[in-house]
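The whole structure should be built from the sequences, with the hints applied where relevant.
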Amino acid sequence: NAGVTQTPKFRVLKTGQSMTLLCAQDMNHEYMYWYRQDPGMGLRLIHYSVGEGTTAKGEVPDGYNVSRLKKQNFLLGLESAAPSQTSVYFCASSYQGLGYGYTFGSGTRLTVV
Amino acid sequence: TQLLEQSPQFLSIQEGENLTVYCNSSSVFSSLQWYRQEPGEGPVLLVTVVTGGEVKKLKRLTFQFGDARKDSSLHITAAQPGDTGLYLCAGANAGTYKYIFGTGTRLKVLA
Numbered sequence: 001n002a003g004v005t006q007t008p009k010f011r012v013l014k015t016g017q018s019m020t021l022l023c024a025q026d027m028n029h030e031y032m033y034w035y036r037q038d039p040g041m042g043l044r045l046i047h048y049s050v051g052e053g054t055t056a057k058g059e060v061p062d063g064y065n066v067s068r069l070k071k072q073n074f075l076l077g078l079e080s081a082a083p084s085q086t087s088v089y090f091c092a093s094s095y096q097g098l099g100y101g102y103t104f105g106s107g108t109r110l111t112v113v
Numbered sequence: 001t002q003l004l005e006q007s008p009q010f011l012s013i014q015e016g017e018n019l020t021v022y023c024n025s026s027s028v029f030s031s032l033q034w035y036r037q038e039p040g041e042g043p044v045l046l047v048t049v050v051t052g053g054e055v056k057k058l059k060r061l062t063f064q065f066g067d068a069r070k071d072s073s074l075h076i077t078a079a080q081p082g083d084t085g086l087y088l089c090a091g092a093n094a095g096t097y098k099y100i101f102g103t104g105t106r107l108k109v110l111a
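Quick note, the sequences are listed as chains A and B, same order. Per the numbering used here, the very first residue in the first sequence carries number 1; after that it's consecutive. Per the numbering used here, the very first residue in the second sequence carries number 1; after that it's consecutive.
Bear in mind the hints are in silico, worked out from the structure with no lab data behind them. One thing to keep in mind: the hints can contain errors.
Unchecked claim - In silico lysine-lysine, BS3-like type, Cα no more than 25 Å apart, as pairs:
1. B:K108 with B:K98
2. A:K71 with B:K98
3. A:K9 with A:K57
4. B:K56 with B:K98
5. A:K14 with A:K71
6. B:K98 with A:K57
Set out below in structure tokens:
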């Protein structure tokens with residue numbers, strides 16, 4: 001009963017480095033989301049996907065890219081990391097769209113130095 | 001900007017006490033969820049309320065959706081240390097179709 005799995009759990013990057021955060025769900029959910037959570041800012045939507053092969057921008061998309069090549073996977077990429085991207089990143093999925101509640105992964109704590 | 005304001009922001013109580021957390025907005029929501037998040041983990045969905053005036057109970061937790069679907073409350077009876085965590089409300093805005101998270105209430109229950 002895995003639900004939503006995120007890897008890695010922790011990562012430290014130097015400014016300018018790139019990395020990809022992986023998210024996998026085994027619930028056959030259509031919708032997937034990437035959020036970042038910062039103290040005092042709450043959860044903010046970065047990008048989302050309403051199905052395999054689709055992606056869309058959320059509230060804070062700058063500096064991030066995503067891909068949804070397979071229904072079960074949603075990847076978040078940072079091309080050139082900046083200290084402002086230090087945050088905890090959460091992936092979530094839902095069977096349908098708005099109003100049905102999300103299943104979240106356990107998060108990735110990213111520090112950019 | 002649509003906001004879901006939660007109050008109080010922080011709450012520290014003794015085991016056995018009762019408490020209520022509020023989630024308020026000026027916007028109408030088609031549905032509203034409550035989540036609990038423990039340190040180092042992602043939010044976990046507790047409940048969904050859809051109908052104005054709806055009340056749902058989950059053991060010692062009682063959730064209510066306001067009649068006008070603009071606000072909600074979470075009441076915990078006889079709080080236990082295991083209730084410690086960050087409580088988040090979130091809603092699907094009926095007008096903009098955006099899903100918004102509340103500002104959060106951090107609860108600590110002392111044994």
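Which constraints among the numbered hints does this structure fail? Numbers only, ascending.
Checked against the structure, the hints that fail are numbers 1 and 5, while the rest are satisfied.
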